[in-house]
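*Asks:* Here is what each chain is made of, one letter per residue.
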Amino acid sequence: MDFERNADQEAILEALGGLLARHAGPARAIELGRKSEYDFELDAALHEAGFIELACGEQTGPLEAALVVEAVAKAGGVVGIGAAALVAPGVLSRSPPGPVAVSTADASAPVRFAGSARSLLISDGDSARLATIEPGAAEPVTSNFGYPMARLKSGEVRSESLGPGSGERLRSWWRLALAAEAVGTMAGAFEVTLEYVKRRRQFGQAIGSFQAVQHRLAECAVLLEGSRWLTYEAAADGAPAEKSAAAAAHAVAAAGRIFAETHQLTGAMGFTREHDLHVWSMRLQALRLELGGVAAQRRAAAEARWVHSP
Amino acid sequence: MEFRWSEEDSAFRQELVAFLAAELPEDWEKISKGGPGSDDQAAFSREFCALLAEKGWLTQSWPQAYGGQDAPPWRHAILGEEMWACGEPRGPQYMNVNWIGPTIMEYGTEDQKALHLPAISRGDVLWCQGFSEPEAGSDLVALRTQASREDDFYVVNGTKIWTSYANHAQYCFLLVRTDPQSKRHRGISVLLVPMELAGIEVREIPSVVGDRYFHEVFFTDVRVPVDCRLGPENEGWDVVAYSLQYERVGAARYARAARMLDSLADHAERRGLLADPTILEKLGEARAACEASRLLTYRVIDLRAHGHPPTADTNIARVAGTIAERSVSELALEIFGPDSLEYGSFADSHFRLAMTAGVAVGTTEINLNLVASRFLGLPRE
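If you read the sequences in order, they're chains A and B. Heads up: the first sequence is residues 1 to 310, going by the working numbering. Heads up: the second sequence is residues 1 to 381, going by the working numbering.
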């Protein structure tokens with residue numbers, strides 16, 4: 001057991017931090033968000049620097065990839081980082097042509113990044129399927145939830161099965177990616193809120209000094225830190241079904257609480273587009289709805305631990 | 001980062017599990033239902049801790065100089081996990097090895113170390129903790145129990161309350177005010193008081209948590225020799241702060257909750273409830289909460305293993321533990337339904353012990369205060 005980052009992990013995060021400072025951040029997310037655009041520039045920079053391939057590296061693995069996903073989400077990156085850095089390498093042991101999106105087979109609802117993705121991983125019961133998305137196969141959808149979204153046109157996506165049992169594997173990696181993205185996104189929302197309550201004064205004092213405010217943020221910190229370590233452990237173990245589901249269950253539930261508290265405590269200012277909170281907060285709701293939502297992640301954790309197939 | 005156990009640690013856990021299977025009596029489940037402070041469990045702890053001591057496990061994390069083996073904090077955490085998971089056969093003695101011993105090592109005189117540490121290491125001494133008073137609960141520094149100096153004695157007068165294990169204890173780790181003019185943190189001292197001294201009276205406070213769980217301890221003109229004082233006079237608050245850091249995550253309550261949850265899932269399966277999506281959902285939620293609590297506790301142990309000073313991670317772990325325990329105990333009532341209503345039933349026993357989670361060893365509110373100020377850096381004004 002060792003909960004401290006090793007020198008390699010520190011080096012990865014430092015280099016990534018420099019890249020994200022140049023290519024990501026809330027201002028960039030807001031700019032791209034106006035036109036619902038994907039950040040191909042950031043995507044290319046991450047590929048070029050090797051950050052997408054860490055999950056299958058010789059010296060690195062899914063834990064390093066999860067750290068990258070968390071950091072990119074925290075920087076508000078408009079890229080399908082969870083799918084590219086965790087899900088695809090986890091399921092395929094290689095990186096398919098990117099960007100990568102993930103969806104369920106019956107998806108008639110908007111899918112994150114589907115409008116720009118070239119590869120699509122599909123959860124279809126017992127099997128996973130891999131599809132190449134041709135231009136025009138997805139219809140862009142206007143969304144207020146922080147990611148570029150598109151709806152896949154039925155009949156226009158041809159896919160190959162990845163074999164029996166691959167469906168469960170895909171869902172485990174997806175849940176891990178979801179947890180890692182949620183942790184980074186929660187951290188982004190939480191940090192700007194902390195800054196806000198330390199600075200904002202009412203009744204002659206910082207609102208962050210009121211116990212009613214402090215306790216709510218402290219409770220959020222407990223949920224966020226718990227989600228973080230659940231995610232790291234699930235990643236280090238290679239996304240086993242139970243641990244990935246527990247991480248996702250805890251993280252997306254925490255995301256709901258953090259959405260509510262960050263918006264409550266930043267008041268009307270938090271609703272505006274001039275304040276950065278929405279870059280992260282609105283995404284939290286999108287993450288909460290993915291792959292069946294909070295209830296489904298919780299049931300998956302229980303099924304993986306206690307329900308044995310006959 | 002590394003989330004796997006070393007081979008040595010895994011081997012130790014295996015050996016420990018086998019030892020428990022061999023040594024715990026057939027009626028252990030019945031004995032353990034009353035909690036660590038029950039008469040049965042306190043009595044059992046004397047024989048059991050002696051066995052643990054023989055194996056060298058009771059105080060293995062202590063320094064060799066004090067009869068330990070300098071085992072890393074992880075080893076002690078594994079011991080705590082396995083003990084709590086099966087209902088804490090060490091009884092009240094978990095406190096001795098977790099924090100009373102280490103605090104005596106840090107602040108004790110040579111005579112105090114010679115008197116207390118070997119007894120704790122042998123596993124045949126019971127302690128209680130004289131902190132809370134009727135007017136000093138969360139606001140512990142409001143304590144008023146007086147210790148007035150008369151020659152080589154302190155004459156102690158006052159009342160301690162909520163004192164678990166007081167009915168069995170031979171010693172009390174007692175906080176007193178040695179400077180009558182003092183206020184708040186100053187003027188407090190720690191006394192290691194033999195409970196056999198004249199003028200100490202223990203009364204049980206009946207409660208819904210269980211029999212012999214809480215006590216009031218009355219001190220009337222109790223003459224405590226000055227050499228029972230631990231640490232400097234009037235500066236006992238530092239001693240308390242030191243001990244609290246060890247105490248708050250000392251009990252691996254999450255391990256108990258996780259074990260209970262596994263049993264609950266078994267019961268749910270037998271009752272045909274695992275097909276119920278709502279029950280599955282709640283089981284999953286509780287499982288995630290137990291796992292989060294485990295990892296946040298590990299985080300605290302890891303900081304200690306790396307030699308870092310204590311942080312508010314301890315308070316985060318404590319709050320997470322309370323969330324986990326509550327979600328399991330509430331689910332127990334739901335799964336067992338009206339069968340929970342019988343005193344001593346599975347759900348009832350667990351529910352009663354879990355009830356105290358947000359209050360024992362510091363309330364959730366105090367823990368949240370400390371997270372807000374120390375972890376989040378939120379301002380006082």
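Treat the hints with care, since some could be wrong.
To be verified - So the derived label-pair ranges between C-beta atoms look like this:
(1) A/Thr272 <-> B/Glu269: 42 to 52 Å
(2) B/His308 <-> A/Gly267: 34 to 44 Å
(3) A/Arg158 <-> B/Thr278: 34 to 44 Å
(4) A/Ala11 <-> B/Glu269: 45 to 55 Å
(5) A/Glu48 <-> B/Arg271: 50 to 60 Å
(6) B/Glu269 <-> A/Glu134: 45 to 55 Å
Unchecked claim - To give a feel for the contact side, a few chain A residues facing chain B, derived at Cβ under 10 Å:
(7) Met1
(8) Leu32
(9) Arg34
(10) Lys35
(11) Ser36
(12) Glu37
(13) Tyr38
(14) Asp237
(15) Ala246
(16) Ala253
(17) Gly256
(18) Val307
These are computed hints drawn from the structure, not numbers from a lab. Values in this document were obtained by computation on a predicted structure and should not be read as measured data. Positions of the beta carbon are idealized from the N, C-alpha and C atoms, including for glycine.
*Asks:* Holds or violated: A/Asp237 as interface residue toward chain B, Cβ cutoff 10 Å?
*Replies:* holds, 7 Å
*Asks:* Close enough to count: is the Cβ of A/Val307 nearer than 10 Å to one in chain B?
*Replies:* Check passed: Cβ of A/Val307 comes within 6 Å of chain B, closer than 10 Å.
*Asks:* Hint says 45 to 55 Å; check whether the CB-CB distance for A/Ala11 and B/Glu269 agrees.
*Replies:* With Cβ atoms ~48 Å apart, the hint holds.
*Asks:* Can you verify the interface hint for A/Leu32: is its Cβ closer than 10 Å to any Cβ in chain B?
*Replies:* violated, 31 Å
*Asks:* Look at the Cβ atoms of A/Glu48 and B/Arg271 and judge whether their distance stays inside 50 to 60 Å.
*Replies:* holds, 57 Å
*Asks:* Close enough to count: is the Cβ of A/Arg34 nearer than 10 Å to one in chain B?
*Replies:* violated, 33 Å
*Asks:* Was the hint right that A/Ala246 lines chain B, CB cutoff 10 Å?
*Replies:* A/Ala246 check passes; min Cβ-Cβ to chain B is 4 Å, inside 10 Å.
*Asks:* For the hint on A/Met1, does the least C-beta distance to chain B fall short of 10 Å?
*Replies:* Cβ of A/Met1 sits 6 Å from chain B, so the hint holds.
*Asks:* Does A/Ser36 meet its interface restraint, that is, does its C-beta lie within less than 10 Å of any C-beta in chain B?
*Replies:* Violated, about 33 Å.
*Asks:* Holds or violated: the 45 to 55 Å window for the beta-carbon distance between B/Glu269 and A/Glu134?
*Replies:* holds, 47 Å
*Asks:* Determine whether the Cβ-Cβ distance between A/Arg158 and B/Thr278 falls within the hinted range of 34 to 44 Å.
*Replies:* Since the Cβ atoms of A/Arg158 and B/Thr278 sit about 39 Å apart, the hinted range of 34 to 44 Å holds.
*Asks:* Does 34 to 44 Å hold as the CB distance between B/His308 and A/Gly267, or does it fail?
*Replies:* holds, 37 Å
Checked against the numbered hints listed earlier, the structure breaks hints 8, 9, 10, 11, 12, 13 and 17; every other hint is satisfied.
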